[in-house]
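Colleague: Reminder that position 459 of the sequence shown reads as 459 in the working numbering, one-by-one numbering, no gaps.
Keep in mind that the hints are not guaranteed to be accurate.
As the list claims (entries may be wrong) - Derived lysine-lysine pairs resembling DSSO-like cross-links, with alpha carbons at most 27 angstroms apart:
#1 153 / 298
#2 202 / 320
#3 237 / 113
#4 404 / 237
#5 404 / 415
#6 202 / 113
#7 415 / 235
#8 148 / 235
#9 202 / 235
#10 415 / 322
#11 322 / 298
#12 153 / 202
#13 322 / 409
#14 320 / 409
#15 237 / 291
#16 237 / 298
#17 298 / 320
#18 291 / 320
#19 235 / 404
Claimed, not checked - The following label-pair restraints were derived from C-beta to C-beta distances:
#20 227 / 57: 37 to 45 angstroms
#21 57 / 435: 51 to 59 angstroms
#22 269 / 57: 37 to 45 angstroms
#23 199 / 404: 56 to 64 angstroms
#24 276 / 230: 38 to 46 angstroms
In case anyone wonders, no lab produced these hints; they're calculated from the structure.
Glycine included, each C-beta is placed from N, C-alpha and C at the ideal position.
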Amino acid sequence: MLRTGEEYLASLRDGRVVYYAGERVADVTTHAELGLPARETAQQYGKGADEDAATLAERTVLLPDGERVHRWTVPPRTPEDLVAFVEMEANMVGDEHGALSAGLCSLQILARKIDAKYGGDYTSRIDTYADWFARADIHGAFAMTDVKGDRSKGPSGQVDPDLFLRVVERRPDGIVIRGAKTSVTSGALCNELLILPTHAMKDTEGDWAIACAVPANAPGVVMVSNYIGKTWGEKFKFDRPLTHSWHHHDSTVFFNDVFVPTERVFMDGQTEYTREFLGYFTTLHRTRILKMEPRDTKQLIGVAELMLRYNGLENVGALKGKITEMVQTAVLLDTLRYTALNRVQYVEGICVPDAAACNLAGLTVSSTREGYLTTLCELAGGPVLTAPSGLDMENPEIAGLIEKYYVGKPGVGAKERLALIKLVYDLAASDAAGFNRALGVTGAGSPGARRVAVARGFDIEACVQGVLADLAGAE
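Work out the full structure, taking the sequences as your base and the hints as a guide.
Modeller: Set out below in structure tokens:
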């Protein structure tokens, strides 16, 4: 049954162990900083009987038995489902659900493959869990990234074997896990933690090849949130047009000998399937790129072109050339989006987008975005860091000076020019911009991981044989 926002918030008052800025948090929903993203995410859950019918239809789907559930809990079965999911994800307020959904879908695929080879009941476990997750309207977070320790070595090569989350005991009714997962987005604000393997495991690393679900308030679970800091607030909307009320929350989650019942264990020791799992997971997770990155690149183009016009530089060939490069990237991203959502494959009944196109989209962004942001700062000039605040323009004692000296070309007033400069600051130079820059490198897999994913399906040997055939024909 669909929950309301208030019901979601109430579900977080469950005795969970959360620390923030060195102190234990009694209630995440009323905490000065964590309460902000909690209340924002609560907006996803609607208003119950007062919900607008069109809004409800957009974010939910009907199950075959007529029960309505949130779209992010239903696996995509068709290209149309994929498109609807991508559109929903890109426009969602609060937490995104793509990663958690990607984890559930990937486990449903792998469960069928594992059971076909070994027998067992992984399929019924994950299907039952996913059905409960959808019908109970659960808010989840995926816990995948291990702390790793010595990154030149895998789990079995660490001095401390707990540096990758592992099974430390197997019982007739379940398992006991120990370890830590980092970069758990909104971990302190979820109901369930979905634990996933962080990379492909060796045959000898079965204790680390584990996937399972754990309640956020389970005994032995301790969450330490990163420091969010206070938001600027509506008062600074002119100076921080994108991020005046922005906040992002990640947690490191420690699992101190946490018991997991058998029915909540979805992989345990099947090391040969960890690489395949990661392939499905990363491809499905990266679908957010398909909508957000073409849109964001077009925003940068608009800002750059407008800045040229405001500054009277719209006819400078070298600067127009930089915008042309940005346009090429936007067109490429649109093309990759189309390819990813149309060249799909069906695996165990789930519609999976084209992996190469998804990963190429991510690589395109990571290789170009930094340069485009640098271009915006160049076009804005020194005022991107030193321009007066919008609050200064409200002070009659100095407003006239600002309005006189911060104009653009004739016809462009100081307020409109400064508004654009502040937008450039928020995109390229603010604290939030720095966070998003790092997120673009680490989120949904590093550029290195994406390059590996692109190359994995490419037949290099066919290229070699083609050259050998050409050489043989030339003799």
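Colleague: With reference to the structure, classify each hint as holding or not holding.
Modeller: Hint check:
no. : hint                          : in the structure
1   : 153 / 298                     : violated, 41 angstroms
2   : 202 / 320                     : violated, 52 angstroms
3   : 237 / 113                     : violated, 51 angstroms
4   : 404 / 237                     : holds, 22 angstroms
5   : 404 / 415                     : holds, 10 angstroms
6   : 202 / 113                     : holds, 19 angstroms
7   : 415 / 235                     : holds, 16 angstroms
8   : 148 / 235                     : violated, 42 angstroms
9   : 202 / 235                     : violated, 54 angstroms
10  : 415 / 322                     : holds, 26 angstroms
11  : 322 / 298                     : holds, 13 angstroms
12  : 153 / 202                     : holds, 12 angstroms
13  : 322 / 409                     : holds, 21 angstroms
14  : 320 / 409                     : holds, 18 angstroms
15  : 237 / 291                     : holds, 26 angstroms
16  : 237 / 298                     : holds, 22 angstroms
17  : 298 / 320                     : holds, 15 angstroms
18  : 291 / 320                     : holds, 26 angstroms
19  : 235 / 404                     : holds, 24 angstroms
20  : 227 / 57: 37 to 45 angstroms  : holds, 39 angstroms
21  : 57 / 435: 51 to 59 angstroms  : violated, 34 angstroms
22  : 269 / 57: 37 to 45 angstroms  : holds, 43 angstroms
23  : 199 / 404: 56 to 64 angstroms : holds, 59 angstroms
24  : 276 / 230: 38 to 46 angstroms : holds, 44 angstroms
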